[in-house]
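K.L.:
Make the full structure from the sequences, and use the hints.
Number of protein chains: 2
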Amino acid sequence: MKKSIVMAALFCGTLPLLAQTTAEQTLKEIYKLSLTKAKCYPWLDHLSNNIGSRLSASTGAEKAVLYTKAQLETLGVDKVYLQEVMVPKWVRGEKEVGYLQLGKQKITFPICALGGSVATPKSGLNASVIEVKSLEELAALGEAKVKGKIVFFNRPMNPEFVETFKAYSGCVDQRSSGAREAGKLGALAVIVRSMNLRMDDLPHTGATNYGDFSKDQRIPAAAISTNGAELLSKSLKSNPNATFYLKQSCQTFDDVLSYNVVAEMTGTEHPERIMVVGGHLDSWDLGDGSHDDGAGCVQSMEVLNIFKNIGYKPKNTLRVVLFMNEENGVRGGKEYENQSAKKGENHIFALESDAGGFSPRGFSIDGDEANFNQIKNWGTLFEPYLIHKFVKGSSGVDIGPLQSKKIVKVGLQPDSQRYFDHHHASNDTFDAVNKRELELGAAAMASLLYLVDQNGIVTQ
Amino acid sequence: MKKSIVMAALFCGTLPLLAQTTAEQTLKEIYKLSLTKAKCYPWLDHLSNNIGSRLSASTGAEKAVLYTKAQLETLGVDKVYLQEVMVPKWVRGEKEVGYLQLGKQKITFPICALGGSVATPKSGLNASVIEVKSLEELAALGEAKVKGKIVFFNRPMNPEFVETFKAYSGCVDQRSSGAREAGKLGALAVIVRSMNLRMDDLPHTGATNYGDFSKDQRIPAAAISTNGAELLSKSLKSNPNATFYLKQSCQTFDDVLSYNVVAEMTGTEHPERIMVVGGHLDSWDLGDGSHDDGAGCVQSMEVLNIFKNIGYKPKNTLRVVLFMNEENGVRGGKEYENQSAKKGENHIFALESDAGGFSPRGFSIDGDEANFNQIKNWGTLFEPYLIHKFVKGSSGVDIGPLQSKKIVKVGLQPDSQRYFDHHHASNDTFDAVNKRELELGAAAMASLLYLVDQNGIVTQ
Chain A
1 MKKSIVMAAL FCGTLPLLAQ TTAEQTLKEI YKLSLTKAKC YPWLDHLSNN IGSRLSASTG
61 AEKAVLYTKA QLETLGVDKV YLQEVMVPKW VRGEKEVGYL QLGKQKITFP ICALGGSVAT
121 PKSGLNASVI EVKSLEELAA LGEAKVKGKI VFFNRPMNPE FVETFKAYSG CVDQRSSGAR
181 EAGKLGALAV IVRSMNLRMD DLPHTGATNY GDFSKDQRIP AAAISTNGAE LLSKSLKSNP
241 NATFYLKQSC QTFDDVLSYN VVAEMTGTEH PERIMVVGGH LDSWDLGDGS HDDGAGCVQS
301 MEVLNIFKNI GYKPKNTLRV VLFMNEENGV RGGKEYENQS AKKGENHIFA LESDAGGFSP
361 RGFSIDGDEA NFNQIKNWGT LFEPYLIHKF VKGSSGVDIG PLQSKKIVKV GLQPDSQRYF
421 DHHHASNDTF DAVNKRELEL GAAAMASLLY LVDQNGIVTQ
Chain B
1 MKKSIVMAAL FCGTLPLLAQ TTAEQTLKEI YKLSLTKAKC YPWLDHLSNN IGSRLSASTG
61 AEKAVLYTKA QLETLGVDKV YLQEVMVPKW VRGEKEVGYL QLGKQKITFP ICALGGSVAT
121 PKSGLNASVI EVKSLEELAA LGEAKVKGKI VFFNRPMNPE FVETFKAYSG CVDQRSSGAR
181 EAGKLGALAV IVRSMNLRMD DLPHTGATNY GDFSKDQRIP AAAISTNGAE LLSKSLKSNP
241 NATFYLKQSC QTFDDVLSYN VVAEMTGTEH PERIMVVGGH LDSWDLGDGS HDDGAGCVQS
301 MEVLNIFKNI GYKPKNTLRV VLFMNEENGV RGGKEYENQS AKKGENHIFA LESDAGGFSP
361 RGFSIDGDEA NFNQIKNWGT LFEPYLIHKF VKGSSGVDIG PLQSKKIVKV GLQPDSQRYF
421 DHHHASNDTF DAVNKRELEL GAAAMASLLY LVDQNGIVTQ
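Going down the list, the protein sequences come from chains A and B. So for the first sequence, full-length UniProt numbering puts the first residue at 1; every next one is plus one. So for the second sequence, full-length UniProt numbering puts the first residue at 1; every next one is plus one.
Errors might be hidden in some of the hints.
In this list, chains with the same sequence are indistinguishable; a pair is considered to hold if it fits within one copy or across any two.
What the hints assert, rightly or not - Below, a list of computed lysine to any residue pairs in the SDA-like style, where the Cα atoms sit at most 20 Å apart: (1) Lys28 x Asn158; (2) Lys79 x Lys313; (3) Lys343 x Ser404; (4) Lys389 x Asn377; (5) Lys406 x Asn338; (6) Lys39 x Glu437; (7) Lys37 x Asp200; (8) Lys389 x Val162; (9) Lys104 x Lys405; (10) Lys334 x Val256; (11) Lys37 x Arg155; (12) Lys133 x Thr36; (13) Lys32 x Met199; (14) Lys147 x Asn126; (15) Lys308 x Gln454; (16) Lys39 x Asn227; (17) Lys166 x Thr36; (18) Lys37 x Met199; (19) Lys376 x His388; (20) Lys166 x Tyr41.
Hints in this document: simulated from the structure, not taken from any laboratory. Treat the numbers as computed from the prediction; the structure is a model and nothing was measured.
P.N.:
Below you can see the structure in the form of structure tokens.
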């Protein structure tokens, strides 16, 4: 009986009156706490400015594991522990060099190796450049026109999309698969236009994937800044036979032991039902990973801080997971699921913040129609906090592997306009994060977790 | 008949099917144009980086008038003209000096004169400091405790408000009325905590108002940075008798002739019905006024550029007004209304963008219930563009004076979290504006004007 009333109310877009009032009051407390006593901003300050970049297997990543574990321990939650996971170790090496030789003139370009790329020969490599806009265009050219050349992928992110992540999805195949596909056709290297909607001089790194290529089949892959890409394209039009010199010295070493950092408030009524909230602790090596994804980590930690401070004890177990190695392997996310499956754990809900610490706009919901409607119907509770956007879609890369039967997965959706200005680049730094925007994101996450904890997850 | 169908449809939250489809298509064109071919960002670049700050009666303001007029003329609209207006001329003078003398130690603070403030004596002034949190607290202290002292207003913006403008409203009386009220009690000067939610070292200026005080009754008023305010408060607690040295040399001169810049597309069906869109061209003198309000000006100009480029000819006259002197007098807004009233013009709608060039979230609507519902019901058309917020409230300072009988006034509401980090401070600069966020704001404005133009304004 009770359930059907709750269900009916949910589908009318409201909670029962008392629950509604209590929820309104709790959200108010959550937001007040987050905007006045949050720890997420000083935590991020430390992660970014004292530790810095946190590429898997780096000293920074190691320090970040110890620091966040220690900070979580100060919150007085029920459990804090590390979960072992083997991660890849890729090292950029010396600053990359890239220039176009035009007679006696050299035009130098801002470039950086893509993550996972192999090095060039020690003395670098020299080759003429062929520009393409897509993998399809490359395939159409065929081996005859590609062999022995550097392939330059120059399809920009489409500015017409209001959501920048759509523009990213429509573009990132050049970075992830460009080297593999060009390698098949005998290219010597690839240069990929940075995934950035802004015109500037910063190359943006990110993973490239060689598939099942053996080491000696792999060709070097570099990113070039957006301004650099425009200039290179223009220069090649006037000088199609100019040669490009590329030198990078990156290396891949044996896998290294690292950790996911985990902290829990045990559920008072259903300790066996787990709600996960997390982000990824690793970052790329160029900036300090403040937006990607220091923000998501400290916001997840903040949920515990908020619940502790407003005295809220979740009915279900609330587990914060700071995943290792999202950027170049998702080993943390996969290992978390492996261990969880082995233990037969029951995850009912997972929330990830991995889209930057910008003003939160809403949530992307990966669940069935009933799950979506349930969360969307909480919209009126979120309206005073300017959370308006409830859409169906993917949640987060780290919680992606989670397979529990009825799990609902959600991604926080902050404003996306500035995200790719910083993504994987040297300007992903603390000064680009606004304290209040970060705190509002944490409050939105805590609010959603509170509502899930109180109301459970409906099923169709 | 037609009208009642339209009205019924409007109140059901939809337009008639054909109108809905046409509107969807037009909004798509508007957004596409704005995200790919807008001129607002390069216009703002020029205003900010080539011209710089534009305080009324300054060279910058004069150059901005000529530049924007010339740019509007390139758009091929029906009329471009200047409207004369006399504006105040206040000049900051030499860099201000403020320090606390603690025995032999001097602690120097980041301060700046408030706009309109009088100077200190040439050699500066020295006095002990009394800290208050409000005008009420000041009044309660009375003349005995205030006379001969510097009053330090130190009430911070309340971080609990999600909307930062609410926090600003709750705080700004210290800046606008502090000097007048302290002057009545015989204070020598006032120092006011900057209206800034962020802790940093930048003093934020803004207008102070002496009411009907004669020149010799006016006392100097300065802003102190938020970090400075915290430090001053702490220092005074340990050294309540320490004296503060303040020196500023600002001056007010005779009023100067300046201009509102106006451009029009004449209405094809109702040329006598005017829709105004605008921002203010003047800025404070510390930064380059990119957010306040270069952004609003170039977005308003962009509406014309968009309409021209998509080939949309408004039925009603669309008038862009770049108002002069919002910051310290609103003379432009008042003169525009004076002239308009003299000519008996019929304004049906006015839209102002003066809350920064950040990601647009929605509109604040100043009209009756029917006007509000009409605009709110267009919400579904705006949803793909992440415009979700339709609230009742004030519109803009410059369009405030407009008195036409049935006018509806609307303010663009961008995300407000970062606005007061930059407001009236030296970091209100071009680099703090994101190109896409600016363009999305312009597109939202053009879309709303299109919908008003097509559907008219309903009345109760």
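K.L.:
Of the numbered hints stated previously, which ones are contradicted by the structure, given in increasing order?
P.N.:
Failing hints, ascending: 9 and 20.
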